[in-house]
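Visitor: Next come the chains, spelled out residue by residue.
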Amino acid sequence: MPDARVIPFDDGERSRRRPLGSVADEDVLDISELTPEPEGLRERISDSIGFLRRRITGEYPVDEFGFDPELLDKVLMAPLRPLYSSYFRVETRGLENVPDVGGALVVANHSGTIALDAVMTQLALLDHHPAHRHLRMLGANLVFSMPFVGELARKGGHTLACAPDAERLLSEGELVGVWPEGFKGIGKPYSERYKLQRFGRGGFVAAALRTGAPIIPCAIVGAEETYPIIGNVKFLARMLGLPYFPLTPTFPWLGPLGLVPMPSKWIIEFGEPIPTEEFGEGAADDPMLVFNLTDQVRETIQQTLYRLLVQRRSVFR
Amino acid sequence: MARVLTAEPGIDRVIGVDVIPPRGDIGGAEFVRADIRNPIISKVIRAASVDTVVHMGVIATPVQAGGRMSMKEINVIGTMQLLAACQKAPTLEKLVVKSTTAVYGSGPKDPAMFTEEMQPKHPPSSGWAKDSVEVEGYVRGFARRRPDVQVTTLRLANFFGPTVDTPMTSYFSLPVIPTVLGFDARLQFVHEDDGLEALRRACVQDRPGTFNIAADGVLLLSQAARRAGRPLAPIPLPLVGLVGAAVRRAGLADFSPEQVRFLTYGRGVDTTRMREVFGFSPAHTTAETFDEFVRSRESTRLIPAERVEAAERQLVSLLGGGRAHA
Numbered sequence: 001m002p003d004a005r006v007i008p009f010d011d012g013e014r015s016r017r018r019p020l021g022s023v024a025d026e027d028v029l030d031i032s033e034l035t036p037e038p039e040g041l042r043e044r045i046s047d048s049i050g051f052l053r054r055r056i057t058g059e060y061p062v063d064e065f066g067f068d069p070e071l072l073d074k075v076l077m078a079p080l081r082p083l084y085s086s087y088f089r090v091e092t093r094g095l096e097n098v099p100d101v102g103g104a105l106v107v108a109n110h111s112g113t114i115a116l117d118a119v120m121t122q123l124a125l126l127d128h129h130p131a132h133r134h135l136r137m138l139g140a141n142l143v144f145s146m147p148f149v150g151e152l153a154r155k156g157g158h159t160l161a162c163a164p165d166a167e168r169l170l171s172e173g174e175l176v177g178v179w180p181e182g183f184k185g186i187g188k189p190y191s192e193r194y195k196l197q198r199f200g201r202g203g204f205v206a207a208a209l210r211t212g213a214p215i216i217p218c219a220i221v222g223a224e225e226t227y228p229i230i231g232n233v234k235f236l237a238r239m240l241g242l243p244y245f246p247l248t249p250t251f252p253w254l255g256p257l258g259l260v261p262m263p264s265k266w267i268i269e270f271g272e273p274i275p276t277e278e279f280g281e282g283a284a285d286d287p288m289l290v291f292n293l294t295d296q297v298r299e300t301i302q303q304t305l306y307r308l309l310v311q312r313r314s315v316f317r
Numbered sequence: 001m002a003r004v005l006t007a008e009p010g011i012d013r014v015i016g017v018d019v020i021p022p023r024g025d026i027g028g029a030e031f032v033r034a035d036i037r038n039p040i041i042s043k044v045i046r047a048a049s050v051d052t053v054v055h056m057g058v059i060a061t062p063v064q065a066g067g068r069m070s071m072k073e074i075n076v077i078g079t080m081q082l083l084a085a086c087q088k089a090p091t092l093e094k095l096v097v098k099s100t101t102a103v104y105g106s107g108p109k110d111p112a113m114f115t116e117e118m119q120p121k122h123p124p125s126s127g128w129a130k131d132s133v134e135v136e137g138y139v140r141g142f143a144r145r146r147p148d149v150q151v152t153t154l155r156l157a158n159f160f161g162p163t164v165d166t167p168m169t170s171y172f173s174l175p176v177i178p179t180v181l182g183f184d185a186r187l188q189f190v191h192e193d194d195g196l197e198a199l200r201r202a203c204v205q206d207r208p209g210t211f212n213i214a215a216d217g218v219l220l221l222s223q224a225a226r227r228a229g230r231p232l233a234p235i236p237l238p239l240v241g242l243v244g245a246a247v248r249r250a251g252l253a254d255f256s257p258e259q260v261r262f263l264t265y266g267r268g269v270d271t272t273r274m275r276e277v278f279g280f281s282p283a284h285t286t287a288e289t290f291d292e293f294v295r296s297r298e299s300t301r302l303i304p305a306e307r308v309e310a311a312e313r314q315l316v317s318l319l320g321g322g323r324a325h326a
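The listed protein sequences correspond, in order, to chains A and B. Under the working numbering, read the first sequence as residues 1 to 317, first letter to last. Under the working numbering, read the second sequence as residues 1 to 326, first letter to last.
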């Protein structure tokens, strides 16, 4: 994986060789365009070499969840950034509702067959929030039993959706992301787009109540259209041990091409935080309160989704 | 361990019990050659009016015991014999049991960090870990029957250090580290000195209860292998059993199924109770512990960190030189 960082290294080789060899004029021009600021480039190259060295010798920190911030920023997020800005043209709203420090729980709607919406939200908060916050997401246990997926999820800062982990992260002052619809949300047919599914058992509300962390409802528009599910092959899903086996207009008919998502226009809106501190201790053990809060969060997200859908001119613009 | 205890001012007599006489120096301790599987142990305890029993006899690998059957017998039946003897010993005040964090098992449904009161999501089904679960069960039963005896159970993370020899240290001494393709386990160790210190404190202080004993921080398996300067050999999950068996037959390292699970999913334990109730903070972090282990086996590193660093400096200075030219 560190191979990805070799690219700028190549640039360096070219610019280094420039004064020595007989290089065509246009090539020199090309390079001066490439390197408007030679000092910056040199720093970047030695940064990349330093990064490679740390990767080879294992001298990088990971937290107790297995989160590797350097890997996330330099490698895992690199291919997603163009997807974020050019392909889906993600527009963020209400980033000021996410606090700069301290624990908070972001609760969002889930859609789009594979959890692209989750990684896009993570990228939005990492690159576009003024405090560059890491979103630590809570994933289903299927995620952690799958090879590669589970490994990358842990390195990306995510952990299993269970009460002890959620409370541990929140009380350590981390920003936690949860998609309470789970597989019901991402695996729902296209005809049910933007209709929120059941919100689990409200475990996320209980975790927020126990730690006094505010709940930030988050509405994501655009992910539903990336891979519209028009059918579900149940026996294949059962055979592979998956919650669903999706059929989209392009998958699996076009083979690997079917994995290319539709270029829909995305809006991610973070709503007003719902404070939970005022309910006091023991509130998490009051099932009525937990249900009501869960409903309140769900309603807020649903209303925001309707409002954003009306504002969007079309699926692709 | 015996040496550490004899050096303690409050303790004037230490008796070691084992079937094999100790190889090293045991300081001022006495040694009784006995098998904990038969009732002689109760005579030892009664004759010497023992006030503290430290049970460290749960063995980890079948090789040590000469087969899985006899290993289970020593671990489980031995513990039952020892506890039966303890129950009949009127002078007994304290029982210290060395257990392992392996009792939590390892799997995809695990929380990131286990606290002492959490139930395992994937209870260990074989080997040493299962024996330890059963030993802890008998110890709890003993604690109920003898409420006047203080029982301290220490769940220690994997021992690492320059002198210990465990399946895990021989694993990290392999020239190439086999891993499970697509998984990267979180590992947490404890330095041998810290582990001994925790056991010593359990003997001299009065801190009944169950405690996780582990160093701060975790290392990922891939990261640990890189720190050891060893290349990784990822093996697809379906072939892991075959490779594990081959390595075991070759006598390179002892791969038991629960160890493979540990190296696939990893495990972390919460040490808040160790700090706040047991009153102990390890002197070494997981990374420091591992680095010390690596340094003690310096000669076998394939990719030394120093050489990588030198290469980096060379590259950077090369770049700098090129720039200066321009």
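What the hints contain is simulated information worked out from the structure, not anything from laboratory work. Glycine included, each C-beta is placed from N, C-alpha and C at the ideal position. Do not take every clue at face value.
[Unchecked claim] Derived BS3-like pairs (lysine-lysine); straight-line CA-CA distance at most 27 Å:
#: 1; chain 1: B; residue 1: Lys-43; chain 2: B; residue 2: Lys-94
#: 2; chain 1: B; residue 1: Lys-72; chain 2: B; residue 2: Lys-94
#: 3; chain 1: A; residue 1: Lys-184; chain 2: B; residue 2: Lys-72
#: 4; chain 1: B; residue 1: Lys-109; chain 2: B; residue 2: Lys-43
#: 5; chain 1: A; residue 1: Lys-234; chain 2: B; residue 2: Lys-72
#: 6; chain 1: B; residue 1: Lys-88; chain 2: B; residue 2: Lys-43
#: 7; chain 1: A; residue 1: Lys-195; chain 2: A; residue 2: Lys-74
#: 8; chain 1: B; residue 1: Lys-43; chain 2: A; residue 2: Lys-184
#: 9; chain 1: A; residue 1: Lys-234; chain 2: A; residue 2: Lys-265
[Unchecked claim] One-sided and incomplete, this derived list gives chain B residues near chain A with beta-carbon spacing under 10 Å:
#: 10; residue: Thr-169
#: 11; residue: Ala-228
#: 12; residue: Leu-239
#: 13; residue: Gly-268
#: 14; residue: Val-277
#: 15; residue: Gly-279
#: 16; residue: Phe-280
#: 17; residue: Ser-281
#: 18; residue: Arg-297
#: 19; residue: Val-316
[Said to hold, decoys possible] Computed far set for chain A versus chain B, every beta-carbon distance over 12 Å:
#: 20; residue: Leu-52
#: 21; residue: Val-62
#: 22; residue: Asp-63
#: 23; residue: Phe-65
#: 24; residue: Gly-66
#: 25; residue: Asp-68
#: 26; residue: Tyr-87
#: 27; residue: Leu-126
#: 28; residue: His-134
#: 29; residue: Glu-151
#: 30; residue: Arg-154
#: 31; residue: Pro-164
#: 32; residue: Asp-165
Visitor: Against this structure, judge whether each hint is valid.
Guide: Structure-based check of each hint:
Proximity of B:Lys-43 to B:Lys-94 is assessed by CA-CA distance (about 18 Å); at most 27 Å being required, the pair is judged to hold. Straight-line distance between C-alpha atoms of B:Lys-72 and B:Lys-94 comes to about 25 Å, which keeps the hinted pair within the 27 Å bound. Taking the CA atoms of A:Lys-184 and B:Lys-72, the gap is near 46 Å; set against the 27 Å cutoff, the hint is violated. A threshold of 27 Å between alpha carbons decides the hint, and for B:Lys-109 with B:Lys-43 the separation of about 46 Å lies outside it, so the pair is violated.
Annotation: proposed proximity of A:Lys-234 to B:Lys-72 is violated, straight-line Cα distance about 45 Å (limit 27 Å). The hinted pair formed by B:Lys-88 and B:Lys-43 meets the criterion: a straight-line CA distance of about 10 Å does not exceed 27 Å. Distance hint between A:Lys-195 and A:Lys-74 is unfulfilled; the C-alpha atoms sit about 36 Å from each other, more than 27 Å. A hinted pair counts as satisfied when its Cα atoms are at most 27 Å apart, and B:Lys-43 with A:Lys-184 does not qualify at roughly 64 Å.
Our distance criterion of 27 Å between C-alpha atoms is broken by A:Lys-234 and A:Lys-265, whose separation comes to about 30 Å. For B:Thr-169, the interface hint is violated, since its Cβ never comes within 10 Å of a Cβ in chain A; the closest pair sits about 17 Å apart. For B:Ala-228, the suggested interface contact is upheld, since its CB lies about 8 Å from the closest CB of chain A, less than 10 Å. The closest approach between the C-beta of B:Leu-239 and any C-beta of chain A is roughly 13 Å, which is over the 10 Å cut-off, so the hint fails.
Taking 10 Å as the C-beta cut-off, the interface hint given for B:Gly-268 holds, the closest approach to chain A being about 5 Å. Nearest Cβ of chain A to the Cβ of B:Val-277: about 18 Å, over the 10 Å cut. The hint is violated. For B:Gly-279, the suggested interface contact is broken, since its CB lies about 21 Å from the closest CB of chain A, more than 10 Å. For B:Phe-280, the interface hint is violated, the least distance from its beta-carbon to any beta-carbon of chain A being 19 Å, above 10 Å.
Residue-level restraint check for B:Ser-281 is violated (minimum Cβ-Cβ distance to chain A is 16 Å; threshold 10 Å). At about 16 Å, the closest approach between the beta carbon of B:Arg-297 and any beta carbon in chain A exceeds 10 Å, and the interface hint on this residue is violated. About 5 Å separates the beta-carbon of B:Val-316 from the nearest beta-carbon of chain A, less than 10 Å, and the hint is met. Against the 12 Å criterion, A:Leu-52 falls within the reach of chain B, whose nearest CB is about 8 Å from its own CB.
Against chain B, the non-interface label of A:Val-62 is violated: not every CB pair exceeds 12 Å, the least being about 6 Å. At roughly 8 Å, the least C-beta separation between A:Asp-63 and chain B is not larger than 12 Å, which violates its mark as non-interface. The claim that A:Phe-65 lies off the interface is violated: its Cβ sits roughly 5 Å from the closest Cβ of chain B, which falls inside the 12 Å cut-off. At roughly 5 Å, the least C-beta separation between A:Gly-66 and chain B is not larger than 12 Å, which violates its mark as non-interface.
The non-interface label for A:Asp-68 is inconsistent with chain B: the shortest C-beta to C-beta separation is roughly 8 Å, within 12 Å. For A:Tyr-87, the shortest C-beta to C-beta distance to chain B comes to about 27 Å, beyond the 12 Å cut-off, and the non-interface label holds. With a minimum CB-CB distance of about 21 Å to chain B, A:Leu-126 clears the 12 Å threshold, and the non-interface call stands. No Cβ of chain B comes within 12 Å of the Cβ of A:His-134; the nearest lies about 15 Å off, and the non-interface call holds.
Once the 12 Å rule is applied to beta carbons, A:Glu-151 is inconsistent with being away from chain B; the minimum gap is 5 Å. Listed as a non-interface residue, A:Arg-154 fails to keep its Cβ farther than 12 Å from every Cβ of chain B; the least gap is roughly 7 Å. Distance check on A:Pro-164: its Cβ comes as close as 4 Å (rounded) to a Cβ of chain B, failing to clear the 12 Å threshold; non-interface status is violated. Against the 12 Å criterion, A:Asp-165 falls within the reach of chain B, whose nearest CB is about 5 Å from its own CB.
Going down the numbered hints, you'll see the structure goes against 3, 4, 5, 7, 8, 9, 10, 12, 14, 15, 16, 17, 18, 20, 21, 22, 23, 24, 25, 29, 30, 31, 32, while the others check out.
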